[in-house]
Amino acid sequence: MFSKVLVANRGEIAVRINQTLRAMGLAPVAVYSEPDAGAPHVNTAEQSVALPGSTAEDTYLNIAKLVQAARDSGADAIHPGYGFLSENPKFARACQDVGITFIGPTPESMALLGDKLRSKDIAIAAGVPTVPSAPVCQPGDPAAAEFAEQWGFPLMVKAAAGGGGRGMRLVNRRQDLDGDMEQASREAQAAFGDGRVFLERYIANPRHVEFQVLADAHGHTIHLGERECSVQRRHQKIIEETPSPALTPELRQRMGNAAVALARQAGYVNAGTVEFLLDPRSGDFYFLEMNARLQVEHPVTEAVLGLDLVEWQLRIANGEPLTLQQADIAPRGHAVECRIYAEDPYRDFVPSTGTLLRWRPPSGPGLRLDSGVGEGRGVSIYYDPMLAKLIAWAHTRELSLRRMEVALSQFLAMGVITNIPLLRAVMQHAQFRRGEYDTGFLEWNPAVTRSAASDETRTMARALAAWAAQQPVGMDSRFRGNDGVFRGSDGQESVNPWRSAGQRRLP
Amino acid sequence: MFSKVLVANRGEIAVRINQTLRAMGLAPVAVYSEPDAGAPHVNTAEQSVALPGSTAEDTYLNIAKLVQAARDSGADAIHPGYGFLSENPKFARACQDVGITFIGPTPESMALLGDKLRSKDIAIAAGVPTVPSAPVCQPGDPAAAEFAEQWGFPLMVKAAAGGGGRGMRLVNRRQDLDGDMEQASREAQAAFGDGRVFLERYIANPRHVEFQVLADAHGHTIHLGERECSVQRRHQKIIEETPSPALTPELRQRMGNAAVALARQAGYVNAGTVEFLLDPRSGDFYFLEMNARLQVEHPVTEAVLGLDLVEWQLRIANGEPLTLQQADIAPRGHAVECRIYAEDPYRDFVPSTGTLLRWRPPSGPGLRLDSGVGEGRGVSIYYDPMLAKLIAWAHTRELSLRRMEVALSQFLAMGVITNIPLLRAVMQHAQFRRGEYDTGFLEWNPAVTRSAASDETRTMARALAAWAAQQPVGMDSRFRGNDGVFRGSDGQESVNPWRSAGQRRLP
Amino acid sequence: MTANQGEMRETYPDAGEAYRYRTEAAEGSLTFQLDGGVAEGSHTAITLDIESREAGEGLCRTESGRTHHFAWAWVGPELHLWLDGALHVFQRAETRRRGRAAGAEASEDVLAPMPGAVLEVLVAEGDRVERNQTVVLMESMKMELVITASRSGVVRRVAVEAGQQVDRGMRLLELAPESDAAD
Amino acid sequence: MTANQGEMRETYPDAGEAYRYRTEAAEGSLTFQLDGGVAEGSHTAITLDIESREAGEGLCRTESGRTHHFAWAWVGPELHLWLDGALHVFQRAETRRRGRAAGAEASEDVLAPMPGAVLEVLVAEGDRVERNQTVVLMESMKMELVITASRSGVVRRVAVEAGQQVDRGMRLLELAPESDAAD
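Protein chains in written order, with the working numbering: chain A, 9 to 515; chain B, 9 to 515; chain C, 996 to 1178; chain D, 996 to 1178.
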């Protein structure tokens, strides 16, 4: 096994990887940008390397700096987490070149699966259903018109090198086809340096169901069941659960087999996720893409299976055989994950920055928190606004949703605006509770993105605000001796300019 | 099902019961003493009733006040937690008398099992091995001398009404027998109002292994596997784990069957725990006592079985049948629990009081925290000094112990002295890691109760203390706007008497 | 018994009109009463028991016994109140009015509506701009933001440049006061 | 480069002798050097990078790159330092000496060694007590504590009564100064 692993990431996923590394007796090495000095992902590492700079480009996306940091710190492996360079074949290759193990698939697999068209070819070769599409074509191509003729509108134009919604457009009318293709191509060129686009049939209001796959270097591949990720805002998942309320055992088996067949066909090694669109009406499913990395929502799979996916990533990268058999995969209970974002759910999900004046997450039976922040830390504009993930497990779906809802109502976060009230509203929503939802959930239910405070609650809030506005701005007890006397740094008493904020009852 | 349940307890167990009640859609009602105003167990309830007074006697042990609080708040059931009145038949009967369901066994079962001699008779009737003993006898009784003759010294003198080590004495020499019996009888009279004592064979260095039992009101009784609780200080458990490293599958089955037989013999209903002493050399086990309540260490059982014991307590108290069969009980992985106490592990476990200036528990995969405190709260002299319980789960014992050890090293608690370094030292101890330990573990390994800081760590601590002593005593960011300017309660800028404690690098 | 009164305004989650209120406090209990018809809603009064020992955190109980956990903090002139998992933001009405009055007399700023990076500044100092004219392009969280002028006027100052990271509320441009423009 | 020096004493987990030290700080790096042979141990110097943004919390890195999380807080005159899960308590040596010098001149207190309840006070004001004589019985966490006089003398004041709850360090009795007793 490796002895020291550099985690080329930040935030909750770096903390989470550190936890597993330390539990396995491996030393995690953190890297960090200037705004991340003293961040939880550094505190939980055993060693750390500062990366000069603040932007992602200068730090967590800088291959040369990361490889140098790994060499300087003596790391023999690199875990990329998700996002940043996790699916960048150049990074994986740069690690290989200096003899450092990249915890993930081969650069070749990554390049293959990162190309939407080539990955589609693999799916077809593996006998996995894909969304009908036209090959790469130019605006004005007869192939494009022919495809539109066959499948009708609306249809999708997508970037071959795509991802994250860039270079992707919904074409509603025939007369928009050429213009939309041109625009998508320009966007794709700008984003990926590759302007190739293709057309695809549009699946209206699908559900997003994905299968976790594990494959070792000895040809053994299994799946770990599905995750449903249909509650999304701006094409980004915010709530995930397993098992999916949309699958029958028969459908689960077919989709799982398809995921394994596809991973085998791609020669895939390590942990990966095969994403499908599911048409809940027909029960048809279509291959969407395969993510060649650890997924944000992997903890729900861990919760029902009692596995540590990062541990398996490390073992597989170390050449160990995957000792789990498909028959061993027996999920227990139900798990749901909520992504806690610093963003305003009532203002179009605008990111919020500031200082976390309070950060008191809930805890208790069935709850797991993966957090990348702490009280007193700043939330900057530089990186993704996800602060933490809360995972609730219970033996039934109903109980896991209620556990989550209770925990969200107890999640004390102040200083930035968070999406916690939105997540809570979803947990309480009758459609969601019944499991009847698709990727359009937030659009179908705009009330969820409006504040739902009752008149009584508003009056209570006003009363408490009136009360709080009369309180002295206190000093934190941690700067006060237990006797209530304020002391300067020399331990001597000092004048307290505010009244004590300690024991007090109304006035 | 009930609609409102009063939780007649405080601290972590009350919070934990609140969590389950709310997840089940039942309204928890908290009670609280004066020092507990605003405590987490009140914050997490939906309704609350203040109990005038500070001492346990005036509040959480006051049957009349508790029953009145339940009636006033409209609660239809009471959950007693553990400790306080949880095994007091009078309390259970007082609830019954006013038509409030007591979540636990009948008063009759409690009275029966609370009597050490009667519970021993039940064990014998159920065919469960017990420690050989003499019947209740007076100092100077021929029966006492005869028993001593038969079994030799050392032997134990115990109070019939006993518990918690009171009225219990180890008799080392024949000439001490009468004196020790007299002293134990006096103690027992003072503590329980019942001076009856008896003699028992002394089992040297046993392991403490207990079985969780569930029984419904329809005659169906099962066990949920064992917990090993051999790491104790002053006869109080501090670390518990399941499965026990001391049990073979065969022994587990025999002990589990014995636990179920005993519970059946006692006509026991609800969740209970049958405690055994296990002689690790001979493999013999002996019934110790049955605890007629939820146990502090129940979360390790929940972790490996994926059950919620409080949920089952409620269902059983509601008359529902226990739908689990013995064959369903299939533990997965390994779980360990550490009790976090406000006490000094290096000074004879003296309790520590003060204000929790920092309380930043670790979180992440496989971790559960049941906490009854929060940052800024006081830890008073009035109640038990247990602050929280940390539970680590993993698929192997080795990994769960390492997860626990890592989490303990990240557990930031300041303001009171805690036993966290001791717990960490046990997790690192080779004997404990091998699973070779008994109730004498701390006595055999006094080094664990001494600070183990290396010279390098001490020098680092000194350097950081020198650095910290030069820092200004800062003001907490929560009283500062995000622009770094201090403001008074009217939102206007005010003079900051200390330099900002915000962004700063070494001078 | 301590009586008090004030005027506040909610700014989050829903921005509301200013309202006046009166409070009476005695023996751990607070009675709050909306004073004047400025605030909507059917509940205009409430009585709460309030307990608070930690700085910035407390618990209140309604007359029916229901218990609510709350916390508060000042963020600049804003009073952030957390109640049962949701955030409510208030300002003293005076504060807000003062800010406004000052703004009307001085030049007008074009502010960043969210944190992000400036992609392009489309105007220069001294340029005349029309209402709704695009003046700055920003990128934030993979979205492009088009910042337009809220009124016609003359650009007095450009405060940012392309590539710069900006926080929410940061000034991008300054428009000369109306009076200047009119001159 | 900023140079500094001081004198401290560890009081927890192991109470140690006072030691003098020098520090030099520059560019985020601190060099610490024990100054004089008063402190035991083979490591007498260390250089650390220190980063601290939150009040009372930070991270340090040794020259080998190892990273350590730390936090600190003043608890009365004690500096509590949390380092990788363990607590270390320090006092400025001056503080401690001052306290001691003052104590020696005044009367001597018998203090509660831990929090708990007073069971019985076995002496009265004016009583003459001998060294090691039991003066108070306390109960704490189910244990009985026997409090004895640390020297012979006369009880000047009894500060507690049976049944009273006391905190650690609270005065139980006051013995008259030695000089008084000798008179």
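These are computed hints drawn from the structure, not numbers from a lab.
Note that the structure is a prediction, hence the values are computed from the model and not measured.
One or more hints might be untrue.
Calculated cross-link-like contacts (lysine to any residue; reagent style SDA-like; alpha-carbon spacing at most 20 Å) [what the hints assert, rightly or not]:
| # | chain 1 | residue 1 | chain 2 | residue 2 |
| --- | --- | --- | --- | --- |
| 1 | A | 12 | D | 1154 |
| 2 | B | 12 | C | 1011 |
| 3 | B | 73 | C | 1112 |
| 4 | B | 12 | C | 1154 |
| 5 | B | 98 | B | 178 |
| 6 | A | 12 | B | 410 |
| 7 | B | 12 | C | 1041 |
| 8 | A | 73 | A | 123 |
| 9 | B | 12 | A | 12 |
| 10 | B | 12 | A | 114 |
| 11 | B | 245 | B | 202 |
| 12 | B | 245 | B | 73 |
| 13 | A | 98 | A | 114 |
| 14 | B | 245 | B | 453 |
| 15 | A | 245 | A | 201 |
Which numbered hints fail = As far as the earlier hints go, 1, 2, 3, 4, 5, 7, 8, 9, 10, 11, 12 and 15 are violated by this structure, in ascending order.
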